[in-house]
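Mind docking chain B on chain A? Use the hints.
So the sequences go chain by chain: A and B. Under our numbering, the first residue of the first sequence carries the number 449, and numbering increases by one thereafter. Under our numbering, the first residue of the second sequence carries the number 35, and numbering increases by one thereafter.
Certain hints may be false.
[To be verified] What follows is a set of in silico ranges between Cβ atoms, one per label pair, in the way DEER data are often shown:
hint, chain 1, residue 1, chain 2, residue 2, range
1, B, 170, A, 700, 47 to 57 Å
2, A, 541, B, 35, 46 to 56 Å
3, A, 618, B, 175, 21 to 31 Å
4, A, 710, B, 144, 24 to 34 Å
5, A, 700, B, 103, 27 to 37 Å
6, A, 577, B, 89, 45 to 55 Å
7, B, 35, A, 631, 29 to 39 Å
8, B, 103, A, 565, 28 to 38 Å
9, B, 71, A, 479, 50 to 60 Å
10, B, 89, A, 591, 53 to 63 Å
11, A, 649, B, 148, 41 to 51 Å
12, B, 99, A, 710, 27 to 37 Å
13, B, 94, A, 614, 30 to 40 Å
14, B, 89, A, 541, 39 to 49 Å
[Stated by the list, open to error] A short list of chain A residues far from chain B (calculated; beta carbon distances all over 10 Å):
hint, residue
15, 460
16, 464
17, 501
18, 524
19, 551
20, 576
21, 611
22, 697
[As the list claims (entries may be wrong)] If you want the footprint, here are the derived chain A segments under chain B, 3+ residues with CB under 8 Å:
hint, segment
23, 622 to 633
24, 636 to 644
The hints are simulated quantities; they were obtained by calculation from the structure and are not laboratory data. Ideal Cβ positions, reconstructed from N, Cα and C, are used throughout, including at glycine.
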Amino acid sequence: MTQPSVAERAWSRYTPQQRWKRFAGLIVVALAVTWSVATLDVIWPWVWDAPVQIGDLFRRMVPPEFSNWRAIFWALVETLNIATLATFVAVFVSLPIAYISAQNTTPNRFTLWLGRFILVSSRSVNTLIWALLFVAIFGPGVLAGIIAIMFRSLGFLGKLMGEAIEEIDRRPVEALEATGASRAKVILYAIVPQVIPTFFAVSILRWDINLRESTVLGLVGAGGIGVILQGAIDTLAWPTVATVLLAIIVLVIAGEAVAAWLRKKVI
Amino acid sequence: MLRIQQLVKRYGHDEPVLKGLDLEVPDESVVSIIGASGAGKSTLLRCINRLVEPTSGSIELNGAELTRLHGNELRKARRRIGMIFQGFNLVDRLTVMENVQCGRLGYIPYWRAALRKYPTADIDRAYTLMERVGIAHYANKRADELSGGERQRVGVVRALMQNPEILLADEPTASLDPVSSRQIMELLQTLAQELQLPVLINIHNVAEAREYTQRIVGMRFGRLIFDGKPEDLDQSAMDTVYSGTPAEDRQQAEQDTSRAVVS
Numbered sequence: 449m450t451q452p453s454v455a456e457r458a459w460s461r462y463t464p465q466q467r468w469k470r471f472a473g474l475i476v477v478a479l480a481v482t483w484s485v486a487t488l489d490v491i492w493p494w495v496w497d498a499p500v501q502i503g504d505l506f507r508r509m510v511p512p513e514f515s516n517w518r519a520i521f522w523a524l525v526e527t528l529n530i531a532t533l534a535t536f537v538a539v540f541v542s543l544p545i546a547y548i549s550a551q552n553t554t555p556n557r558f559t560l561w562l563g564r565f566i567l568v569s570s571r572s573v574n575t576l577i578w579a580l581l582f583v584a585i586f587g588p589g590v591l592a593g594i595i596a597i598m599f600r601s602l603g604f605l606g607k608l609m610g611e612a613i614e615e616i617d618r619r620p621v622e623a624l625e626a627t628g629a630s631r632a633k634v635i636l637y638a639i640v641p642q643v644i645p646t647f648f649a650v651s652i653l654r655w656d657i658n659l660r661e662s663t664v665l666g667l668v669g670a671g672g673i674g675v676i677l678q679g680a681i682d683t684l685a686w687p688t689v690a691t692v693l694l695a696i697i698v699l700v701i702a703g704e705a706v707a708a709w710l711r712k713k714v715i
Numbered sequence: 035m036l037r038i039q040q041l042v043k044r045y046g047h048d049e050p051v052l053k054g055l056d057l058e059v060p061d062e063s064v065v066s067i068i069g070a071s072g073a074g075k076s077t078l079l080r081c082i083n084r085l086v087e088p089t090s091g092s093i094e095l096n097g098a099e100l101t102r103l104h105g106n107e108l109r110k111a112r113r114r115i116g117m118i119f120q121g122f123n124l125v126d127r128l129t130v131m132e133n134v135q136c137g138r139l140g141y142i143p144y145w146r147a148a149l150r151k152y153p154t155a156d157i158d159r160a161y162t163l164m165e166r167v168g169i170a171h172y173a174n175k176r177a178d179e180l181s182g183g184e185r186q187r188v189g190v191v192r193a194l195m196q197n198p199e200i201l202l203a204d205e206p207t208a209s210l211d212p213v214s215s216r217q218i219m220e221l222l223q224t225l226a227q228e229l230q231l232p233v234l235i236n237i238h239n240v241a242e243a244r245e246y247t248q249r250i251v252g253m254r255f256g257r258l259i260f261d262g263k264p265e266d267l268d269q270s271a272m273d274t275v276y277s278g279t280p281a282e283d284r285q286q287a288e289q290d291t292s293r294a295v296v297s
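This is chain B alone, in the form it adopts within the complex:
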């Protein structure tokens, strides 16, 4: 269970990117986050694992508060939060197995990481997961030799190796061709069920969001303005999420703050 309350993120003295956002994600649900570029989707995900430092508000994962952790505590918390990236973010010059084992770096001692002497259980788990997503035969290939869809599978397995309590996917299919894109969405959907994980997916492809997730959340101006089942997302809801231009968004945002200041 992920519970976000009154989350605010402001970069420097600019307009806040997130303005008091509330969101609850129960276990075993796949949630799509949609919204125009710049709505704050990426910032929201990165606030959860603290790649971005939230300005204020609270984020609780299974009862543990994440926003006030530091150093070792933060690293321990991050081990249980898997993340999948738009650009895959693999280490190109390492093999697929090494990339996958990166997911265990928070758990194993330094010498094992340095000598590539991974624990047998980790290697076993890596093979199981790689077989599950169909990349086991690439274990010894370098990551940059794989195609986009295969690279994202490595990214998914790396995140799952962490034994995560939640998966965050930041536009996981935006750099993929349509076929690989659907395969990755299908994979995320079934994995969420198999491993009983909550999954948050930032996504631009609304059709895929409707098809593969049970819940869609729409963001605009750093707030949630839609939260419902895929069938509830009708044309008028789409318009409120996506209408307007970035310039209007900024204007709207400024009006919001001036109103907030007055009240």
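Next up, chain A with everything else stripped away, as it sits in the complex:
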């Protein structure tokens, strides 16, 4: 047996054909980016003007106006309440949806598709769009905001809980079925304990997200701190806008801290 010559031992990561394909892929991506930028109707002078505008806006915002801190404080409380109440209700409503959209617990094909349909429709509509819809139905105010947040949360909670149910250990379920326990008791003793950790983790996470989402609900008239923000922007009350933005940052950071603490405490 002869040693392979140096030429035979030559190695390259890609064949010439692969190399051309990769190069062609790169060209396609570059073209797509160029085309999207070209079709955008960007008014470039405004872009070049941006730093000046930022400086101008900043000067108008400073110093923040704290005189109506009382109204802002109560709007913050309202925001917090919208998020908490909506999360609380959504958590309970999402449980039966999770149950019917999990492969291993759903009673039949029809309920499975019904559950999945509810989850997908809830998730594919943004909270603000839900809010617009419910403001049209219930009129402006907190109620529309709560229901909007709830509807958007259903899909999130239901999907993650449903996945948790699908991932449970089947064996305790089998064991309890063998004792002659009814379906409801098997759920209570073999399924519920296994999904409880996910239940708390997902609920806390969603509360955290909802707190952020409820700060913008006011932009479409669905209550919360956003109403004051919108009003201040409309009246060009930039010092008040600054205060509201600061308040939102404080609220979100506090919410984050509470969520982290709860997570450590409960799970």
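For chain B alone, kept in the frame of chain A given last:
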């Protein structure tokens, strides 16, 4: 008294796993079922409490036919059939007491189960049984904090809480170390005597089967091919139960059916 006649189980259109199996187990006897993996031992046990649906045949427990029960009737029948599993099948995040009380779920109302307000008599019985197997001091521990041998004891007590008329044990010692394994076999043997229960044990450890049971049943190709006392299980009997490879088993099984079709 358990009487199984002409039991057949077929999954889909495959070769049947059980092919017309007959078995009688009188009260107060401990029977070991041995056989290579895939011989149908697990399927046999699961057909008795209908975790697996038998295709045809009859299973009678103390005169009551089990194969035709549905819904509530089936659940009532299952209450009297205790089962012990290879993987213990406990609910890890519940306490030992809650796991043990799972054996009573078929008897108590839903609100009691939900609120953990178990009847005093059940709690008393749980403590008696847990003391009997040496786990009473773990009542408030979570099931996943226990060792393998202790977890299987919880499994045994859960089955006994059902007040069963028969105990089915599906390789109860296969996940245990040798010492715990012997302890569990000893426990099953003495409990069968104390509570006058028939016990069916699927087991891979033939030495333990010989030592702790009065009767050994050998399965192959979904049929019983040995049934006798431990001392009757000699080398040639062992060979017929265990010899061959899974591939040969399948071939043999196919020949069996083609012959059956011809006749």
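Quick rundown of the hints versus the structure:
1. Under the hint 47 to 57 Å, the C-beta atoms of residue 170 of chain B and residue 700 of chain A, about 51 Å apart, fit the expected range.
2. Separation of residue 541 of chain A from residue 35 of chain B is about 51 Å and conforms to the stated range, judged on CB atoms against 46 to 56 Å.
3. The given range of 21 to 31 Å is respected by residue 618 of chain A and residue 175 of chain B, whose C-beta atoms sit roughly 24 Å from each other.
4. In this structure, residue 710 of chain A and residue 144 of chain B meet the distance hint of 24 to 34 Å, their C-beta atoms being roughly 30 Å apart.
5. Checking the proposed 27 to 37 Å range against residue 700 of chain A and residue 103 of chain B shows it is violated: the Cβ atoms sit about 58 Å from each other.
6. At roughly 54 Å, the beta carbons of residue 577 of chain A and residue 89 of chain B sit within the given window of 45 to 55 Å.
7. Range check, residue 35 of chain B to residue 631 of chain A: about 30 Å between beta-carbon atoms, so the 29 to 39 Å window is met.
8. Under the hint 28 to 38 Å, the C-beta atoms of residue 103 of chain B and residue 565 of chain A, about 36 Å apart, fit the expected range.
9. The beta-carbon spacing between residue 71 of chain B and residue 479 of chain A, approximately 59 Å, falls within the hinted interval of 50 to 60 Å.
10. Distance hint for residue 89 of chain B and residue 591 of chain A: a CB-CB separation of about 58 Å, consistent with the stated range 53 to 63 Å.
11. Between residue 649 of chain A and residue 148 of chain B the Cβ separation comes to about 23 Å, which falls outside the hinted range of 41 to 51 Å.
12. In this structure the hint that residue 99 of chain B and residue 710 of chain A lie 27 to 37 Å apart at CB is violated, the actual value being about 54 Å.
13. Look at residue 94 of chain B against residue 614 of chain A: about 38 Å separates their beta carbons, and that is inside 30 to 40 Å.
14. At roughly 42 Å, the beta-carbon separation of residue 89 of chain B and residue 541 of chain A lies within the given 39 to 49 Å, and the hint holds.
15. Remark: the non-interface label on residue 460 of chain A is consistent with the geometry, its nearest Cβ contact in chain B lying 44 Å away (cut-off 10 Å).
16. With a minimum CB-CB distance of about 46 Å to chain B, residue 464 of chain A clears the 10 Å threshold, and the non-interface call stands.
17. The beta carbon of residue 501 of chain A sits about 57 Å from the closest Cβ of chain B, which is more than 10 Å, so the claim that it is off the interface holds.
18. The Cβ of residue 524 of chain A sits about 38 Å from the closest Cβ of chain B, beyond the 10 Å cut-off, so the non-interface label holds.
19. Residue 551 of chain A, annotated as away from the interface, keeps every beta carbon of chain B farther than 10 Å; the closest lies near 19 Å.
20. The Cβ of residue 576 of chain A lies farther than 10 Å from every Cβ of chain B, with a closest approach of about 39 Å, so its non-interface assignment holds.
21. For residue 611 of chain A, the non-interface assignment is confirmed: its Cβ lies about 18 Å from the closest Cβ of chain B, beyond the 10 Å cut-off.
22. Remark: the non-interface label on residue 697 of chain A is consistent with the geometry, its nearest Cβ contact in chain B lying 38 Å away (cut-off 10 Å).
23. Residues of the segment 622 to 633 of chain A lying with their CB closer than 8 Å to a CB of chain B number 11, which satisfies the three-residue condition for coverage.
24. Restraint check on the segment 636 to 644 of chain A versus chain B: 6 residues with Cβ-Cβ distances below 8 Å, three needed, restraint holds.
Taken one by one, the earlier hints fail for this structure at numbers 5, 11 and 12, listed in ascending order.
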